[in-house]
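Guided by the hints, dock chain B onto chain A, whose structure is given.
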Amino acid sequence: MLNGIPINFYIMLSAVLFIIGVVGVMARRNAIIIFMCIELMLNAVNLLLVAFSTLHNDASGQVFVFFIMAVAAAEVAVGLAILSMVYRNFKSIDIDLLSRLKN
Amino acid sequence: MLGYTITQWLFGILSFLAIMFALMVVFTRNPVNSVLYLVLTFFCIAGHYLLLNAQFLAVVHIVVYAGAIMVLFLFIIMLMNLNADTEPRKHIGTRFIAGMVGGILLFVMVGALRGAEQLQLVQGGASQIGLVKNLGKVLFSEFLFPFEIASILLLAALVGAIMIGKRDTNINSKENTNS
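Protein chains in written order, with our numbering: chain A, 392 to 494; chain B, 130 to 308.
Hints listed in this document are in silico derivations from the structure and should not be mistaken for laboratory results. Predicted, not measured: the structure shown is a model, and the values here were computed from it. Backbone N, C-alpha and C fix where the C-beta goes; we use that ideal spot for every residue, glycine too. No incorrect hints appear here.
Label pairs and their calculated CB-CB ranges:
id	chain 1	residue 1	chain 2	residue 2	range
1	B	Lys262	A	Phe400	24 to 32 Å
2	A	Arg479	B	Ile135	47 to 55 Å
3	A	Leu489	B	Leu242	34 to 42 Å
Just chain A, with the same shape it has in the complex:
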């Protein structure tokens, strides 16, 4: 009864999710939202890895997704610590303010 879905659909869905993440990174100034958009991009890639892992009936892809989740968790912990430091010093997390670093 269960019918397969062509891999093309998963590729397109992942591409759309990834590009929504890219647009979010470019269009927003709140550093936390930018972080969340990066998470969205990571998840688009994860979804594609799982789709291909199922397509080829190979568990390696799912193990890779597992590792990507671990790296994402580490990245978020360190990134949010940096952001809270930035907020403590600037009283804002507008990333355009951080350009004063170059002066």
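Just chain B now, with coordinates in the frame of chain A:
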């Protein structure tokens, strides 16, 4: 139902919801709402994992992303007391250019990936690789070394996050005692 199977209906609905919620993440002004929409997006992606017979990853995805990472985001946003009024906005021209660049990128990606083969996914009980037993076997035999490295990475991130968060308070307390 219009010639589509249940799986195809589920795929369509989950994809539509995931894309809609992802768009709401980008276009909502209030950061708290943004986080909540991202949690809903992650639930849709977990549903996709279930459709793909990756049950273990679906559970881990909900526990790690919706349960841990998003709560951390929400915690930081509450701590900084952010809301729609304090939200900085980019210039309208910059946002327009960002949307245009995204559209062009989407066009290029769709054009490049359109030629992929029309392979049918093996689904519906045939695939057992997503179960904990099989994934555990692969993880602890083939990928044992990367697994250990991941533990070192998590430890380093833990120590780093604590050090970054702590140093400033030390400087402040020193300044306070000096002054």
